[in-house]
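Asker: Chain residues, written in single-letter form:
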Amino acid sequence: MIIAQQKPIKDIAAMIADCKKVLLVGCAGCVTVCLSGGEKETEVLASSLRIMRRLQGNPLETVTYTATRQCDPEYIETLENLVKDVDAVVSLACGVGVQYLAERFHDKWVVPAQNTMFVGGSTAHGVWEERCGLCGDCILHRTGGICPIIRCSKSILNGPCGGSQYGKCEISKDVDCAWQLIYDRMKALGKLDKLLEIQPPKDWSKSRDGGPRKAIREDVMIG
Amino acid sequence: MRLQYSPNIRIVEMPCSGTIDHRVLLQAFEDGADGVFVAGCMEGDCHFQKGNYRAKKRVNAVKKLLDEIGMGGERLEMYNLSAAMGPRFAEIANEMTERIRRLGPNPLKKQSAETTEKEGDVA
Numbered sequence: 001m002i003i004a005q006q007k008p009i010k011d012i013a014a015m016i017a018d019c020k021k022v023l024l025v026g027c028a029g030c031v032t033v034c035l036s037g038g039e040k041e042t043e044v045l046a047s048s049l050r051i052m053r054r055l056q057g058n059p060l061e062t063v064t065y066t067a068t069r070q071c072d073p074e075y076i077e078t079l080e081n082l083v084k085d086v087d088a089v090v091s092l093a094c095g096v097g098v099q100y101l102a103e104r105f106h107d108k109w110v111v112p113a114q115n116t117m118f119v120g121g122s123t124a125h126g127v128w129e130e131r132c133g134l135c136g137d138c139i140l141h142r143t144g145g146i147c148p149i150i151r152c153s154k155s156i157l158n159g160p161c162g163g164s165q166y167g168k169c170e171i172s173k174d175v176d177c178a179w180q181l182i183y184d185r186m187k188a189l190g191k192l193d194k195l196l197e198i199q200p201p202k203d204w205s206k207s208r209d210g211g212p213r214k215a216i217r218e219d220v221m222i223g
Numbered sequence: 001m002r003l004q005y006s007p008n009i010r011i012v013e014m015p016c017s018g019t020i021d022h023r024v025l026l027q028a029f030e031d032g033a034d035g036v037f038v039a040g041c042m043e044g045d046c047h048f049q050k051g052n053y054r055a056k057k058r059v060n061a062v063k064k065l066l067d068e069i070g071m072g073g074e075r076l077e078m079y080n081l082s083a084a085m086g087p088r089f090a091e092i093a094n095e096m097t098e099r100i101r102r103l104g105p106n107p108l109k110k111q112s113a114e115t116t117e118k119e120g121d122v123a
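Sequence order for the protein chains is A and B. Using full-length UniProt numbering, you'd call the opening residue of the first sequence number 1 and step up by one each time. Using full-length UniProt numbering, you'd call the opening residue of the second sequence number 1 and step up by one each time.
Hints are computed from structural coordinates only; laboratory data are not their basis. All values derive from a computational prediction rather than experimental measurement. Treat the hints with care, as some may be off.
From the derived model, a few chain B residues whose C-beta atoms are all more than 12 Å from chain A [what the hints assert, rightly or not]:
(1) M1
(2) F29
(3) F89
Below, a list of computed lysine to aspartate or glutamate pairs in the EDC-like style, where the Cα atoms sit at most 16 Å apart [claimed, not checked]:
(4) A:K40 with B:D21
(5) A:K7 with B:E68
(6) A:K206 with A:D137
(7) B:K56 with B:D45
(8) B:K63 with B:D34
(9) A:K108 with A:D137
(10) B:K50 with B:D21
(11) A:K84 with A:E61
(12) A:K10 with B:D21
(13) A:K21 with A:E43
(14) A:K10 with B:D67
(15) B:K109 with B:D21
Idealized CB from N, CA, C, for every residue including glycine.
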């Protein structure tokens with residue numbers, strides 16, 4: 001899922017400082033699961049902003065709504081009536097949701113309440129870790145299911161490097177060396193010989209070098 | 001046991017302190033509470049194992065939030081006591097009342113009063 005973290009409240013408040021009424025839109029997708037922008041977080045943020053503004057003697061009216069997803073046009077279409085009479089829209093979705101709202105309601109001031117951080121999963125309650133570098137050319141079948149693109153600090157494809165010490169990366173004793181993990185797993189699987197296979201250079205053309213990417217499935221397209 | 005404690009305390013019953021939610025605590029302040037204390041069971045005595053520990057974490061998170069938004073986290077506190085500790089409850093009630101008296105009334109009420117007064121003047 002996409003992991004996002006809420007911006008400091010004073011930063012969000014500054015973005016809507018001149019507004020009297022705002023719509024806060026949560027998202028029931030990834031940010032609900034990573035507990036940063038779901039229904040509850042939307043209400044907590046609304047309440048916090050209201051208190052803050054009342055304390056400043058400049059009350060703020062809030063309307064809250066949590067969309068099933070903000071990254072699909074049909075789920076934000078229903079917001080039209082709520083958007084009408086507000087001065088700004090605060091999106092608690094990832095950067096995709098903010099852009100979808102800004103695109104759909106182009107005459108409204110749409111601001112992000114979150115910093116979109118990475119694609120990852122939870123490793124314990126309240127802990128999320130990055131797991132995918134979105135490189136567009138997955139090589140996990142060659143690396144024992146451990147991604148060196150994102151989990152190796154240098155994204156090297158022929159590690160470990162000299163900075164690997166006792167299974168940890170030189171950047172921090174809390175960060176595992178991805179290539180040590182890869183080696184250990186391949187060894188346990190009895191597939192160490194796979195690591196010796198000569199690989200051609202990775203095809204980075206499927207990553208970010210060509211600007212924003214697009215995926216098309218003609219078989220599910222309508223019309 | 002006819003214990004006396006400050007009459008300004010309003011008790012909101014919850015099935016377990018673990019059901020305390022950030023929203024409930026913020027709502028209390030928005031509705032004008034001068035302070036809130038959460039009375040959970042003794043640590044290690046939770047019937048549901050971790051309810052009071054969870055409440056404590058949430059209370060601490062909301063205290064931080066209250067500091068951030070200018071309300072002041074010291075207006076909120078978590079206490080642990082059992083249902084059989086009446087004298088301790090009265091003591092906490094008085095202790096918290098004293099603390100809040102020192103801090104003054106909920107600043108939102110002051111704001112509302114000022115706004116009302118202003119509107120009245122205009123009218």
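Asker: Just to be careful, I want the Cα atoms of B:K50 and B:D21 compared with a cutoff of 16 Å; is the pair within it?
Answerer: OK: B:K50 and B:D21 at ~15 Å, within 16 Å.
Asker: B:K63 and B:D34: Cα distance at most 16 Å?
Answerer: Holds. B:K63 to B:D34 sits at ~14 Å (cutoff 16 Å).
Asker: Classify the label on B:F89 as holds or violated, using whether its beta-carbon is more than 12 Å from each beta-carbon of chain A.
Answerer: 28 Å, holds
Asker: Holds or violated: A:K40 and B:D21, Cα atoms, limit 16 Å.
Answerer: Status holds; Cα separation ~9 Å.
Asker: A:K206 and A:D137 were given as a pair; does the straight-line alpha-carbon distance stay at or below 16 Å?
Answerer: 6 Å, holds
Asker: Hey, A:K10 versus B:D67, does the alpha-carbon distance stay inside 16 Å?
Answerer: 11 Å, holds
Asker: Are the Cα positions of B:K56 and B:D45 separated by 16 Å at most?
Answerer: 14 Å, holds
Asker: Tell me if the straight-line CA distance from B:K109 to B:D21 falls inside 16 Å.
Answerer: Between B:K109 and B:D21 the Cα gap is close to 23 Å, so the pair fails against 16 Å, i.e. violated.
Asker: Is A:K21 close enough to A:E43, meaning Cα to Cα at most 16 Å?
Answerer: Since the Cα atoms of A:K21 and A:E43 sit roughly 15 Å apart, the hinted pair holds (cutoff 16 Å).
Asker: Given the hint that A:K108 pairs with A:D137, does the C-alpha gap stay at or below 16 Å?
Answerer: 38 Å, violated
Asker: Take a quick look at whether A:K84 and A:E61 sit within 16 Å of each other, Cα to Cα.
Answerer: Holds, at roughly 14 Å.
Asker: Taking 12 Å as the cut and beta carbons as the points, is B:F29 off the interface with chain A?
Answerer: 6 Å, violated
Against the hints set out earlier in the document, violations occur for numbers 2, 9, 12, 15.
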